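Engineer: Each chain, written out:
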Amino acid sequence: MSHHPINDLACGAKKILGEIMNKGAALKPKDRLAIPPQEMPSQHPDERKKNMNEVALGYTPEQARLEALRCLQCKNAPCVEGCPVRIDISSFVKAIAQGDNQLAIDIIKHNSLLPAVCGRVCPQEVQCQATCTVGKSLKDVNQAVSIGRLERFVADWERENGKVNRPEVKPETGKKVAVIGSGPASITVAADVRREGHSVTMFEAFHKPGGVMIYGIPEFRLPKKIVQLEIDTLVNMGVTLKTDFVVGRTRKLMDLMAKDGFDAIFIGTGAGLPKFMNIEGENLVGVFSANEYLTRSNLMRAYDFKKAHTPIFPSRKVAVLGGGNVAMDAARTAVRLGADEVHLIYRRTEVEMPARVEEVAHAKEEGVVFHILQNAKRIIGDVYGCVKAMECLKYELGEPDDSGRRRPVVIKGSEFIIELDTVIVAIGNESNPLIKQTTPDLNTNKWGNIITDENCKTSIEGIYAGGDIVLGAATVILAMGQGRIAAKSINEYLARKGA
Amino acid sequence: MNKIIQKTQLSEEVFKIKVQAPLIARERLPGQFIILQLNGEFGERIPLTIADADPQEGTITLIFQTVGRTTHLLSALNPGDTIAHLVGPLGRPTHIEKFGTVVCVGGGIGVAPMYPIVQGMKSAGNKVIVILGARSKDLIIMEEEMKALADEIIICTDDGSYGRKDLVTAPLKEICSRVPKPDLAVAIGPPVMMKFCAETTRPFAVKTLVSLNTIMVDGTGMCGGCRVSVGNETKFVCVDGPEFDGHLVDFDNMIKRLRSYKKHEDSAHEQCHLDLEIRRKLEAGQ
Numbered sequence: 001m002s003h004h005p006i007n008d009l010a011c012g013a014k015k016i017l018g019e020i021m022n023k024g025a026a027l028k029p030k031d032r033l034a035i036p037p038q039e040m041p042s043q044h045p046d047e048r049k050k051n052m053n054e055v056a057l058g059y060t061p062e063q064a065r066l067e068a069l070r071c072l073q074c075k076n077a078p079c080v081e082g083c084p085v086r087i088d089i090s091s092f093v094k095a096i097a098q099g100d101n102q103l104a105i106d107i108i109k110h111n112s113l114l115p116a117v118c119g120r121v122c123p124q125e126v127q128c129q130a131t132c133t134v135g136k137s138l139k140d141v142n143q144a145v146s147i148g149r150l151e152r153f154v155a156d157w158e159r160e161n162g163k164v165n166r167p168e169v170k171p172e173t174g175k176k177v178a179v180i181g182s183g184p185a186s187i188t189v190a191a192d193v194r195r196e197g198h199s200v201t202m203f204e205a206f207h208k209p210g211g212v213m214i215y216g217i218p219e220f221r222l223p224k225k226i227v228q229l230e231i232d233t234l235v236n237m238g239v240t241l242k243t244d245f246v247v248g249r250t251r252k253l254m255d256l257m258a259k260d261g262f263d264a265i266f267i268g269t270g271a272g273l274p275k276f277m278n279i280e281g282e283n284l285v286g287v288f289s290a291n292e293y294l295t296r297s298n299l300m301r302a303y304d305f306k307k308a309h310t311p312i313f314p315s316r317k318v319a320v321l322g323g324g325n326v327a328m329d330a331a332r333t334a335v336r337l338g339a340d341e342v343h344l345i346y347r348r349t350e351v352e353m354p355a356r357v358e359e360v361a362h363a364k365e366e367g368v369v370f371h372i373l374q375n376a377k378r379i380i381g382d383v384y385g386c387v388k389a390m391e392c393l394k395y396e397l398g399e400p401d402d403s404g405r406r407r408p409v410v411i412k413g414s415e416f417i418i419e420l421d422t423v424i425v426a427i428g429n430e431s432n433p434l435i436k437q438t439t440p441d442l443n444t445n446k447w448g449n450i451i452t453d454e455n456c457k458t459s460i461e462g463i464y465a466g467g468d469i470v471l472g473a474a475t476v477i478l479a480m481g482q483g484r485i486a487a488k489s490i491n492e493y494l495a496r497k498g499a
Numbered sequence: 500m501n502k503i504i505q506k507t508q509l510s511e512e513v514f515k516i517k518v519q520a521p522l523i524a525r526e527r528l529p530g531q532f533i534i535l536q537l538n539g540e541f542g543e544r545i546p547l548t549i550a551d552a553d554p555q556e557g558t559i560t561l562i563f564q565t566v567g568r569t570t571h572l573l574s575a576l577n578p579g580d581t582i583a584h585l586v587g588p589l590g591r592p593t594h595i596e597k598f599g600t601v602v603c604v605g606g607g608i609g610v611a612p613m614y615p616i617v618q619g620m621k622s623a624g625n626k627v628i629v630i631l632g633a634r635s636k637d638l639i640i641m642e643e644e645m646k647a648l649a650d651e652i653i654i655c656t657d658d659g660s661y662g663r664k665d666l667v668t669a670p671l672k673e674i675c676s677r678v679p680k681p682d683l684a685v686a687i688g689p690p691v692m693m694k695f696c697a698e699t700t701r702p703f704a705v706k707t708l709v710s711l712n713t714i715m716v717d718g719t720g721m722c723g724g725c726r727v728s729v730g731n732e733t734k735f736v737c738v739d740g741p742e743f744d745g746h747l748v749d750f751d752n753m754i755k756r757l758r759s760y761k762k763h764e765d766s767a768h769e770q771c772h773l774d775l776e777i778r779r780k781l782e783a784g785q
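Residue numbers (the numbering used here), protein chains in the order written: chain W, 1 to 499; chain S, 500 to 785.
If you're looking for bench data, these hints aren't it; they were derived computationally from the structure. Errors might be hidden in some of the hints.
Unchecked claim - Result set (DSS-like, lysine-lysine): computed pairs, CA atoms no more than 27 Å apart in a straight line:
1) Lys306(W) / Lys761(S)
2) Lys364(W) / Lys275(W)
3) Lys734(S) / Lys436(W)
4) Lys377(W) / Lys502(S)
5) Lys734(S) / Lys446(W)
6) Lys306(W) / Lys49(W)
7) Lys136(W) / Lys75(W)
8) Lys259(W) / Lys597(S)
9) Lys626(S) / Lys252(W)
10) Lys388(W) / Lys755(S)
11) Lys515(S) / Lys275(W)
12) Lys488(W) / Lys436(W)
13) Lys734(S) / Lys377(W)
14) Lys242(W) / Lys502(S)
15) Lys176(W) / Lys109(W)
16) Lys734(S) / Lys252(W)
17) Lys50(W) / Lys761(S)
18) Lys307(W) / Lys762(S)
19) Lys306(W) / Lys762(S)
20) Lys515(S) / Lys780(S)
21) Lys49(W) / Lys762(S)
22) Lys306(W) / Lys780(S)
23) Lys672(S) / Lys626(S)
24) Lys388(W) / Lys734(S)
25) Lys317(W) / Lys755(S)
26) Lys680(S) / Lys646(S)
To be verified - Sample of chain S residues with no beta-carbon within 12 Å of chain W, all distances over it, derived:
27) Asn501
28) Lys506
29) Glu512
30) Pro578
31) Arg677
32) Pro679
This one's a predicted model, so the numbers in the text were calculated from it and none came from an experiment. For glycine and all other residues, C-beta sits at the position ideal for the given N, C-alpha and C.
Full structure from sequences and hints, please.
Structural biologist: Okay, structure coming up:
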């Protein structure tokens with residue numbers, strides 16, 4: 001795909017929008033389907049490979065209106081069914097088409113607390129856009145209405161025009177709630193619980209809040225200032241933030257209630273325990289979890305070689321194992337840190353990749369070499385214990401497995417070797433064991449995920465949990481959706497308790 | 500919070516600081532460590548062991564050697580200065596019970612984290628034999644504190660400037676040869692020392708705990724940078740350790756992994772010496 005500069009995209013959109021407005025007549029479905037899908041303006045690949053700035057630049061106002069006009073306003077709104085938090089998508093898209101951005105963002109915020117984040121990182125093509133009638137009519141999900149980009153557009157419009165308001169906070173109830181972790185689930189709980197007038201203290205183990213949105217997702221995909229704004233809003237609402245505080249270690253979970261007077265607790269500690277492949281050579285120098293590699297670069301700013309004290313491995317030839325967003329993030333970070341070659345190795349095909357389509361496209365544009373139907377067998381070290389090469393195996397797709405995806409099957413005797421100095425393992429995360437280790441009464445399943453009922457209530461009275469620590473590694477939007485449910489349960493619990 | 504209230508230079512490269520950290524002082528147990536960072540934007544996070552704590556006073560004591568950029572910068576802080584970020588206590592506490600006779604081997608600044616363990620073992624009713632080792636006399640730390648607790652103490656220096664001219668493994672071997680043999684050994688110090696302590700006790704089948712100080716970023720299980728091979732299984736020092744069965748640890752792999760960023764560390768170290776030198780000169784000039 002050739003790259004189109006933002007000015008060309010903006011001019012094109014302006015011209016078409018002008019023609020539609022001049023006609024004055026109401027658009028028929030046929031006319032709407034004829035409007036060209038609006039491409040997301042982005043930094044040129046050659047340019048962005050050398051910087052950490054956001055790749056996708058956001059729609060221009062004309063592009064946004066034009067894209068919104070593509071929406072058929074289906075009565076049954078299948079897009080809403082595809083949204084994990086049931087945003088009234090057709091209404092907010094209609095508002096953008098009519099040029100009422102304020103109305104659009106108000107509609108979104110009714111269901112979603114983090115539109116600027118979700119507009120950027122949600123896997124829309126398997127959620128709202130998967131069920132879009134426009135995409136179905138054009139027989140291509142990638143030609144569905146770009147709901148995510150529109151969501152991002154109005155969220156950015158609100159922020160850039162200084163229209164973000166502090167949500168109303170009801171009079172103080174005197175009840176205290178502890179929120180553990182500061183990722184998407186916890187931010188949502190903190191906001192929704194604080195709104196009811198309860199005192200909220202948010203505990204974060206790291207020195208900076210934001211969870212995976214700060215340590216995991218790189219600046220080039222989600223600018224840190226957007227996450228910081230969400231945290232600032234919480235602080236403005238009166239939420240107390242305690243960083244450098246590891247619940248389970250700095251204070252035991254139960255002590256927060258028994259000794260520190262918290263009336264309820266939300267656990268949103270995420271899926272922070274990287275999985276490894278359990279293959280030979282995985283502890284060689286030069287093998288990293290994607291978490292470590294990304295945390296060094298994102299949170300510790302190791303990409304800023306001159307200023308940062310935290311080192312990052314100087315890689316020349318990198319292999320990233322995995323096919324999710326984290327794998328893409330790691331591969332694209334390696335490109336930006338100056339690696340000569342970055343290979344992405346995935347044992348299924350591109351169709352099965354869990355990564356967002358846009359991230360896959362961006363990674364390819366930036367020169368990441370994709371190796372599908374391949375996987376690592378063992379990592380080979382040199383005499384110094386450093387990575388020298390990796391032996392891989394080729395796969396073919398067999399019958400569907402439990403996940404519904406076709407199972408990759410090893411092709412016998414297909415071993416081959418690629419030379420490398422770095423291997424980044426991005427095959428997912430397990431639940432973080434810290435709270436479980438130090439809270440014996442908390443029920444967890446065999447993977448260490450906290451067991452809750454449908455209202456996010458755990459086995460201990462007054463303690464709720466949500467996000468990846470319950471779901472296993474999932475998405476920002478699902479974590480946020482769980483946060484909403486947990487907050488509602490906590491608010492109801494405290495109301496009952498107070499009565 | 501995190502204000503330095505006392506600072507003592509124990510030797511050319513070793514410093515002892517007492518820091519206000521009431522939450523950590525309250526919760527910490529023998530065997531645990533902290534992570535600190537001197538600058539929230541660009542500073543690095545480094546793990547340091549806790550040498551002592553006073554919950555009443557709300558302070559913890561850290562003993563560290565200036566080996567890299569952050570420890571050098573830390574050594575340049577003075578009472579009244581604040582450590583930007585301090586988190587802990589991290590890691591699983593030492594399993595303490597009445598074992599019988601426990602031999603505790605501390606090498607270099609590994610003596611610092613050994614001190615709370617000796618305290619714990621002693622108050623659990625164990626007979627505690629302490630072996631302290633260092634390159635030379637001025638690098639032996641906490642001798643008085645240990646003497647006050649230990650039932651028996653042996654000091655070794657590499658150069659013979661104090662105590663026995665021996666490696667710590669020599670007295671360790673003698674103690675293991677006694678009848679009855681000790682019930683437990685604990686070794687904390689440089690990786691090579693721990694490796695050879697484990698090799699020394701292995702033929703005697705004396706269970707030997709070692710406390711590992713690997714590269715870490717978060718210290719809560721998230722990054723996996725600290726992983727070590729223990730009995731052919733991958734373990735995370737931060738959440739599974741820091742103490743492991745020394746007879747099962749793959750020390751050679753661990754030592755190699757510790758050198759992952761050697762080049763970067765060396766140049767940062769050099770730069771740091773230059774910076775501190777310039778600062779000293781500037782201060783002297785004023």
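Engineer: All hints are to be evaluated individually against the structure, with a verdict given for each.
Structural biologist: Hints, verified against the model:
1. Lys306(W) / Lys761(S): The hint holds at about 17 Å.
2. Lys364(W) / Lys275(W): Holds, at roughly 25 Å.
3. Lys734(S) / Lys436(W): holds, 17 Å
4. Lys377(W) / Lys502(S): violated, 50 Å
5. Lys734(S) / Lys446(W): holds, 18 Å
6. Lys306(W) / Lys49(W): With Cα atoms ~18 Å apart, Lys306(W) and Lys49(W) stay inside 27 Å; holds.
7. Lys136(W) / Lys75(W): holds, 16 Å
8. Lys259(W) / Lys597(S): Between Lys259(W) and Lys597(S) the Cα gap is close to 30 Å, so the pair fails against 27 Å, i.e. violated.
9. Lys626(S) / Lys252(W): violated, 32 Å
10. Lys388(W) / Lys755(S): Status holds; Cα separation ~14 Å.
11. Lys515(S) / Lys275(W): At roughly 38 Å apart (the allowed maximum being 27 Å), Lys275(W) and Lys515(S) break the hint.
12. Lys488(W) / Lys436(W): Distance of about 24 Å is within 27 Å: holds.
13. Lys734(S) / Lys377(W): holds, 21 Å
14. Lys242(W) / Lys502(S): At roughly 17 Å apart (the allowed maximum being 27 Å), Lys502(S) and Lys242(W) satisfy the hint.
15. Lys176(W) / Lys109(W): holds, 25 Å
16. Lys734(S) / Lys252(W): holds, 23 Å
17. Lys50(W) / Lys761(S): Measuring from Cα to Cα gives roughly 26 Å; hence the hint holds.
18. Lys307(W) / Lys762(S): holds, 17 Å
19. Lys306(W) / Lys762(S): holds, 15 Å
20. Lys515(S) / Lys780(S): Distance of about 24 Å is within 27 Å: holds.
21. Lys49(W) / Lys762(S): Answer holds: Lys49(W) to Lys762(S) is near 25 Å, not above 27 Å.
22. Lys306(W) / Lys780(S): holds, 24 Å
23. Lys672(S) / Lys626(S): holds, 17 Å
24. Lys388(W) / Lys734(S): holds, 23 Å
25. Lys317(W) / Lys755(S): holds, 20 Å
26. Lys680(S) / Lys646(S): It holds: about 22 Å lies between the C-alpha atoms, which stays within 27 Å.
27. Asn501: violated, 9 Å
28. Lys506: holds, 21 Å
29. Glu512: holds, 19 Å
30. Pro578: holds, 21 Å
31. Arg677: holds, 37 Å
32. Pro679: holds, 35 Å
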